[in-house]
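2 protein chains.
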Amino acid sequence: MKIIEGGVTSPIGFKAADCAAGIKYQGRTDMAMVYSEVPCECAGTFTSNQVKAACVLWDQKIVNSGDKMQAVVVNSGIANACTGKEGFDACEATAKAVEKELSVPFNTVAVASTGVIGMQLPVDKLVAGVEAMSKTLSHDKEAGTKASQAIMTTDTINKEYAVTFEVSGKTVTVGGMSKGSGMIHPNMCTMLGFVTTDLAIDKKLMQEALSAVIKDTFNMITVDGDTSTNDTLLLMANGLAGNDVITEKGEDYDKFYEALFTVCRFLARRMAGDGEGASKLFEAKIVNAKSKDDARTLARAIVGSNLSKAAIFGCDANFGRFLCAMGYSGAEFDQNDVELFFESKAGKLQVFDHGNPLDFDEDFAVKIMKEDEVMVIADMHEGNEEATAFGCDLTYDYVKINADYRS
Amino acid sequence: MKIIEGGVTSPIGFKAADCAAGIKYQGRTDMAMVYSEVPCECAGTFTSNQVKAACVLWDQKIVNSGDKMQAVVVNSGIANACTGKEGFDACEATAKAVEKELSVPFNTVAVASTGVIGMQLPVDKLVAGVEAMSKTLSHDKEAGTKASQAIMTTDTINKEYAVTFEVSGKTVTVGGMSKGSGMIHPNMCTMLGFVTTDLAIDKKLMQEALSAVIKDTFNMITVDGDTSTNDTLLLMANGLAGNDVITEKGEDYDKFYEALFTVCRFLARRMAGDGEGASKLFEAKIVNAKSKDDARTLARAIVGSNLSKAAIFGCDANFGRFLCAMGYSGAEFDQNDVELFFESKAGKLQVFDHGNPLDFDEDFAVKIMKEDEVMVIADMHEGNEEATAFGCDLTYDYVKINADYRS
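Chains A and B, in that order, give the protein sequences.
Here the first sequence stands for residues 1 to 407, numbered as in the working numbering.
Here the second sequence stands for residues 1 to 407, numbered as in the working numbering.
You may find that some hints are simply not true.
Note that identical chains are pooled: a pair holds if it fits in a single copy or bridges any two copies.
[Said to hold, decoys possible] Straight line, CA to CA, 30 Å or less: simulated DSS-like cross-link-like pairs of lysine-lysine:
hint	residue 1	residue 2
1	Lys-85	Lys-285
2	Lys-348	Lys-400
3	Lys-367	Lys-68
4	Lys-204	Lys-370
5	Lys-400	Lys-370
6	Lys-348	Lys-24
7	Lys-203	Lys-348
8	Lys-400	Lys-367
9	Lys-135	Lys-370
10	Lys-367	Lys-24
11	Lys-348	Lys-292
12	Lys-290	Lys-61
13	Lys-215	Lys-345
14	Lys-345	Lys-249
15	Lys-400	Lys-204
16	Lys-61	Lys-204
17	Lys-249	Lys-370
Quick caveat, the hints were computed from the structure, so don't treat them as lab data.
All values reported here derive from a predicted model rather than from experimental measurement.
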């Protein structure tokens, strides 16, 4: 597997476009489209929130029906959640505008939204955006990058990634983009993520791979514990790499799985480190846990704790907060088995040893915590499963951004 | 039932004291003692956190053993959590100091701690504190007030309350004090709460009442979603009111239940409104839910959401965040049944109606949200159960306080 520069337009046959539709933001792009020259097999995972955005319901219908998918239209101004029938009509109008412009059936056009909840989308602006983007679709790397920028809300950096690998003598590419920032505590997937590939693969296997991969990638992120109404991760495979279609598990499937995992993991970490107001990536790694579920639960509890996040922001090695979070996570363990460490580029430091606090070097602890990426490691000494969760610190800026988001 | 001025020393036979033991804070009191002239029946509820502080384990032993309880010693400097055997020894040393000074068996002395986790208590200072307080125990109202001040950490106001009622011709008093502020997301009880009464009542009934009362009082608070290692709520009944001992449910039990509920609810609301960094009390009331559990779950999810809390801070009527939180709470409902309102002293405003956002008066919404106590009401139209959760807004000060708590 090889990492390449690129994103959703890297696989053969995928194009992207963006535009400034003026849906909420002014002076920046706020719509993107991803389009495949031929219909794609598709897979998706969606928010577990009972209150699902209209676009989530729309996309679930496509993914679950067995229909192909050929395009995705995204806007980053209004979430189209809690919008009743009018919201669902806006999805259909968007898809029908694509049908009109690009002659693809409207029921192969996915839509995704992010932004304010409880506000109606201006359909005329959406349609005008589709018309404009249909004329500028491009396979260039830059088109993918600009699409990944157009879907940003409070994100400070765009997120895209691409890798290649070989299957039956053919080069296959997997590319992806995502946006995150706030209301990020995915449960079944992340805010908005789009992964494209030119691999030829059976739909069922694709969904199986995606559902497995998110467990240790997007589902291990938390920014603020708020599971959004709009979480959507879509995977489109158009088969243009020309490989023998993967129809069963084996070496080829494993290669694809690794590529998909790599792309999703990169995007997930990037989203965590760029959480709303975040000044750094905060990872929690659990090793030697009794079970994989326990490891994930413990890791997520640590990065999900407001107190732990505030301590990371303040470079305060207040390790009791991590143990406290582990303690209420729901996973069973004995604190007398636990060892706790801080680690970053600056070094590694043990602070807790089998039930007892250590008298550690506070200056060294601060040095470790001042880095852009800080990890807390808990060795449970109870088994051999591990998991890593991705989060960020809790800062003044998080409060600032969210105390007045709508205006 | 009558509300009176007072707290833990209001019931007959209860005394309190406080002192500046210099455990962590300088220039303020940081230890308190509550003492009954005669041994008490006791009940308690404790944190559900797997990582329990040494003092929690100590108190659970007393409450579960059927032993009487005659005194409680509290310090507000160090939590005595994650402290291994040395931490447990500190509990015993404290209790033995009380035995020496006041001639009560050490296994009737409860201890409670709040403060930094993962740091050892200075036993010499604790013992010196017990010696000093044993000499100044007083039944005065002021002694109770000063005890409630000594147990504060980042609290900005002390919390105490007292009520009286009649049982078999005798006046019975219930008084209580508590501290809250941060790491507040009680699960089985709250951070630290102490309730005293001169009622004569059977131990089993007392525990039953306490366990029921907390479900709609302390367990409905959340400040930051972090369930502490130290949550402890103790109820001591010394029987000195002289009433016929309550040994079964009935009118007298109901009167006690109401009094206990009133004291706990007051303390719980006070703790929520005085959450770390909070500028206001933020309540969520669910009405007409399918079940009591659903109502509690939905209410807690709203006040527990960082995004909702930040919106309350910013006086931003961003109601989609409340619906989003309800959606991921785990309770099942249909957003098309829901009506949503904001309410405070300034008035009441509907913002969401059976699945559809309303075009409401933003200026009036801001006016409502500017009050010190703001309530969000969700009418589920699915049954007739209700519940209210108590929280606070998420502010810059919360981040400030917790980014550097230890120093």
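Checklist entry - Okay, which hints does this one fail, numbers in order? => result The structure breaks hints 3, 4, 7, 9, 14, 15 and 17; every other hint is satisfied.
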